[in-house]
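Trainee: Below, each chain spelled out in residue letters.
Protein chains: 2
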Amino acid sequence: MALSPFAPASFPDLPVIDGVRFASAAAGVRYKGRTDVMLAELVAGTSVAGVFTRSSTRSAPVLDCQAKLGSDPSTPAAILVNSGNSNAFTGSAGEKSVAAICDAVAAATGVAADRIFTASTGVIGERLPHDRITTVIEGLKGDLAPEGIEGAARAIMTTDTFAKGASASIEIEGETVKIAGIAKGSGMIAPDMATMLVYLFTDAKIEQPALQALLGALTDQTFNCITVDSDTSTSDSLMIAATGTSGVDVTESAGFTQALYGVMLDLAHQVVKDGEGATKFVEVRVTGAATDLEARKVGLSIANSPLVKTAIAGEDPNWGRIVMAVGKSGCQADRDKLTIRFGDILVAEHGWVSPTYTEDTGAAYMRNETIEISVDLGIAGGLGTVWTCDLTHGYITINADYRS
Amino acid sequence: MALSPFAPASFPDLPVIDGVRFASAAAGVRYKGRTDVMLAELVAGTSVAGVFTRSSTRSAPVLDCQAKLGSDPSTPAAILVNSGNSNAFTGSAGEKSVAAICDAVAAATGVAADRIFTASTGVIGERLPHDRITTVIEGLKGDLAPEGIEGAARAIMTTDTFAKGASASIEIEGETVKIAGIAKGSGMIAPDMATMLVYLFTDAKIEQPALQALLGALTDQTFNCITVDSDTSTSDSLMIAATGTSGVDVTESAGFTQALYGVMLDLAHQVVKDGEGATKFVEVRVTGAATDLEARKVGLSIANSPLVKTAIAGEDPNWGRIVMAVGKSGCQADRDKLTIRFGDILVAEHGWVSPTYTEDTGAAYMRNETIEISVDLGIAGGLGTVWTCDLTHGYITINADYRS
Numbered sequence: 016m017a018l019s020p021f022a023p024a025s026f027p028d029l030p031v032i033d034g035v036r037f038a039s040a041a042a043g044v045r046y047k048g049r050t051d052v053m054l055a056e057l058v059a060g061t062s063v064a065g066v067f068t069r070s071s072t073r074s075a076p077v078l079d080c081q082a083k084l085g086s087d088p089s090t091p092a093a094i095l096v097n098s099g100n101s102n103a104f105t106g107s108a109g110e111k112s113v114a115a116i117c118d119a120v121a122a123a124t125g126v127a128a129d130r131i132f133t134a135s136t137g138v139i140g141e142r143l144p145h146d147r148i149t150t151v152i153e154g155l156k157g158d159l160a161p162e163g164i165e166g167a168a169r170a171i172m173t174t175d176t177f178a179k180g181a182s183a184s185i186e187i188e189g190e191t192v193k194i195a196g197i198a199k200g201s202g203m204i205a206p207d208m209a210t211m212l213v214y215l216f217t218d219a220k221i222e223q224p225a226l227q228a229l230l231g232a233l234t235d236q237t238f239n240c241i242t243v244d245s246d247t248s249t250s251d252s253l254m255i256a257a258t259g260t261s262g263v264d265v266t267e268s269a270g271f272t273q274a275l276y277g278v279m280l281d282l283a284h285q286v287v288k289d290g291e292g293a294t295k296f297v298e299v300r301v302t303g304a305a306t307d308l309e310a311r312k313v314g315l316s317i318a319n320s321p322l323v324k325t326a327i328a329g330e331d332p333n334w335g336r337i338v339m340a341v342g343k344s345g346c347q348a349d350r351d352k353l354t355i356r357f358g359d360i361l362v363a364e365h366g367w368v369s370p371t372y373t374e375d376t377g378a379a380y381m382r383n384e385t386i387e388i389s390v391d392l393g394i395a396g397g398l399g400t401v402w403t404c405d406l407t408h409g410y411i412t413i414n415a416d417y418r419s
Numbered sequence: 016m017a018l019s020p021f022a023p024a025s026f027p028d029l030p031v032i033d034g035v036r037f038a039s040a041a042a043g044v045r046y047k048g049r050t051d052v053m054l055a056e057l058v059a060g061t062s063v064a065g066v067f068t069r070s071s072t073r074s075a076p077v078l079d080c081q082a083k084l085g086s087d088p089s090t091p092a093a094i095l096v097n098s099g100n101s102n103a104f105t106g107s108a109g110e111k112s113v114a115a116i117c118d119a120v121a122a123a124t125g126v127a128a129d130r131i132f133t134a135s136t137g138v139i140g141e142r143l144p145h146d147r148i149t150t151v152i153e154g155l156k157g158d159l160a161p162e163g164i165e166g167a168a169r170a171i172m173t174t175d176t177f178a179k180g181a182s183a184s185i186e187i188e189g190e191t192v193k194i195a196g197i198a199k200g201s202g203m204i205a206p207d208m209a210t211m212l213v214y215l216f217t218d219a220k221i222e223q224p225a226l227q228a229l230l231g232a233l234t235d236q237t238f239n240c241i242t243v244d245s246d247t248s249t250s251d252s253l254m255i256a257a258t259g260t261s262g263v264d265v266t267e268s269a270g271f272t273q274a275l276y277g278v279m280l281d282l283a284h285q286v287v288k289d290g291e292g293a294t295k296f297v298e299v300r301v302t303g304a305a306t307d308l309e310a311r312k313v314g315l316s317i318a319n320s321p322l323v324k325t326a327i328a329g330e331d332p333n334w335g336r337i338v339m340a341v342g343k344s345g346c347q348a349d350r351d352k353l354t355i356r357f358g359d360i361l362v363a364e365h366g367w368v369s370p371t372y373t374e375d376t377g378a379a380y381m382r383n384e385t386i387e388i389s390v391d392l393g394i395a396g397g398l399g400t401v402w403t404c405d406l407t408h409g410y411i412t413i414n415a416d417y418r419s
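Just so you know, the protein sequences line up as chains D and B, in that order.
Those letters in the first sequence? Residues 16 to 419, per the working numbering, in order.
Those letters in the second sequence? Residues 16 to 419, per the working numbering, in order.
Please keep in mind that the hints were generated in silico from the structure rather than gathered at the bench.
It is possible that part of the hints are untrue.
Chain B regions said to be covered by chain D (calculated; three or more residues, Cβ under 8 Å) [unchecked claim]:
1) 334-341
2) 402-412
Ranges of calculated distance between the beta carbons of each label pair, as one might list FRET restraints [what the hints assert, rightly or not]:
3) B:D349 <-> D:T371: 53 to 63 Å
4) D:P370 <-> B:A115: 16 to 26 Å
5) B:A395 <-> D:P370: 52 to 62 Å
6) B:T371 <-> D:D118: 25 to 35 Å
7) B:L159 <-> D:P370: 34 to 44 Å
8) D:Q236 <-> B:T272: 44 to 54 Å
9) D:D158 <-> B:E374: 27 to 37 Å
Every value quoted in this text rests on a predicted model; they were computed, and no experiment measured them.
Backbone N, C-alpha and C define an ideal beta-carbon position, used for all residues, glycine too.
My request is simple: use the sequences and hints to build the entire structure.
Mentor: Next up, the structure:
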């Protein structure tokens, strides 16, 4: 698979988060010659929060995680993730696989089963060969190390072309608080609660209910604003673990909120930049909508339009397709109040192409790797931004051939 | 552009509809070396009904047609359509173009301007060079002939790879009533009121309000059940002209309703079969939904999913993606009650793959040109069927390159 043009030269340097240790292994769930299982062990007292797909066909591990979020935080916790098989739509066998994995992690680490969170990502509808996973857990336990986060990021990849990590360090009341996160996701990406798999770790101190509320609010501004193909995974999970080992209470800290937002937005953008077949990163900014919700709906109508996405792939400044996507959104819009810009270039206003716009200017702009499309609806003050990528032959090649 | 594998060997033999005459011409609006304008002249007393796109950025001709549907049917009427330029998002110049074309048709034919219905299809946002059209109208008037419908079907094509026509003749009260229809559409196809351009002609006798109600109801069961790419045109128009020349009143005729339904469904299927880049025709039947509306929503969620459509393109029986699309639809569904079939093959039930299903059987089925996917949700009695095509490299090639 061709490397995304946005792939970084190397995995970023992530800070060690006190109270978290990682290990990864090659269990051969589906892939050969690479790691596919990661274990993260979390110190006693860690608050764990999560948001998950709203899909009505969500996977057994997702249902299990949702049931465990309220568990007692005073004991250690663990996260175990495998790639290659999503354990979704696997009936009662799916639940048994989750239980078997949790039992094995509990036996190896001593973590209580109701503090063990699992996730599976990959093909839907095939039975998870969980014994391949349980076999490697004892070894994972022995390999746990504070520096293992890059290995963890690699083990959870599926069609990703690069491993995704982001971090922040902030000073709060003279103390340093650290955040490190990893994500995987490339196709089947559309905003509905969380998207793909994302794990965030911080040494900040914050109670689970406050952490859960913060995660939900920031997800809405980050992972819920990206789309690759409008398809929603059955396994989407986004979790954060706050070990509290820094001793710094961040419950009321605007600085921590900002830093966490930055890390989440960075990871969300990396997911889009690694969108299947992506050659362009596209920001769609909508202003002047009736409400913020309508702004996002218009943004998604543009970002999910196959005709807009193929025009961008072809470096064609076909702004008529943006007009079309605004029109079909079902949101309040008025042809004669609509303004469209490519970057700083005024393309259309007052229901027609701008007299200053030329096709040559538009075509030159479209050759950029990052494209900014701004749409002002001229109705009221609602605004929103969404991010997506183009739709290319690469997407077709990857998805017409994923299982073979 | 490669011919659709579903293209018929030749245009069907359509019956002459008494009271309708057609002509077509090459005006060079955008295309070279082919016809791009068609004129249909309708005898006095013709009832004209229409349904149009709900897009909030709909074109000037659409707005004009909507305003004229209530005009006095006792005088002759005319329909003029051009391809190559949609006259959409062209500001006040767009309205002036419509007026100029209507004036020229009125001058040449003597039809009152409020009985002249126009449509434009093609690129959005470029000024329509309407003088190229008005120049040929006098000649079109001279060429009008009852047999000209095939030429009309060819003149309205854009990215279509074949001209689309369908017809029916039925006996009602010992008299023959005829219906003939033409359509164009290939990309930017999604159900929202009418889709693409469709013109239906019949010699049946029926008042405009009854005809309008019938057209709306049948559109909902035909053109509103197809999707190629989930994008909605700014120009979609579906019109029917009933000349009444057969003398047969069909207001209460179930036979006429059935025949018209058949013609409309035939044309709707032809549009999907000529979907940009299509190599497979896909029928998605949903049963057991909470309501008929939810059934259609689930059907469209499957039919619009890029991951389902690419799997079909790759002849991959990846039924897990169907589960995903059901899950993301937002409709009531229960993993353990879901049943999925490919044709007659039972693929999955009770939340898991069927014990009788094998990948080989599924893969063999996927090699068919027509694919039937049946999904039973097991909730209640709601049902609905939608039709779509696969998503291939052909779609990307056509749309990343449409304007160049």
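Trainee: Hint by hint, which ones does this structure get wrong, listed from lowest number up?
Mentor: Per hint list: zero violations.
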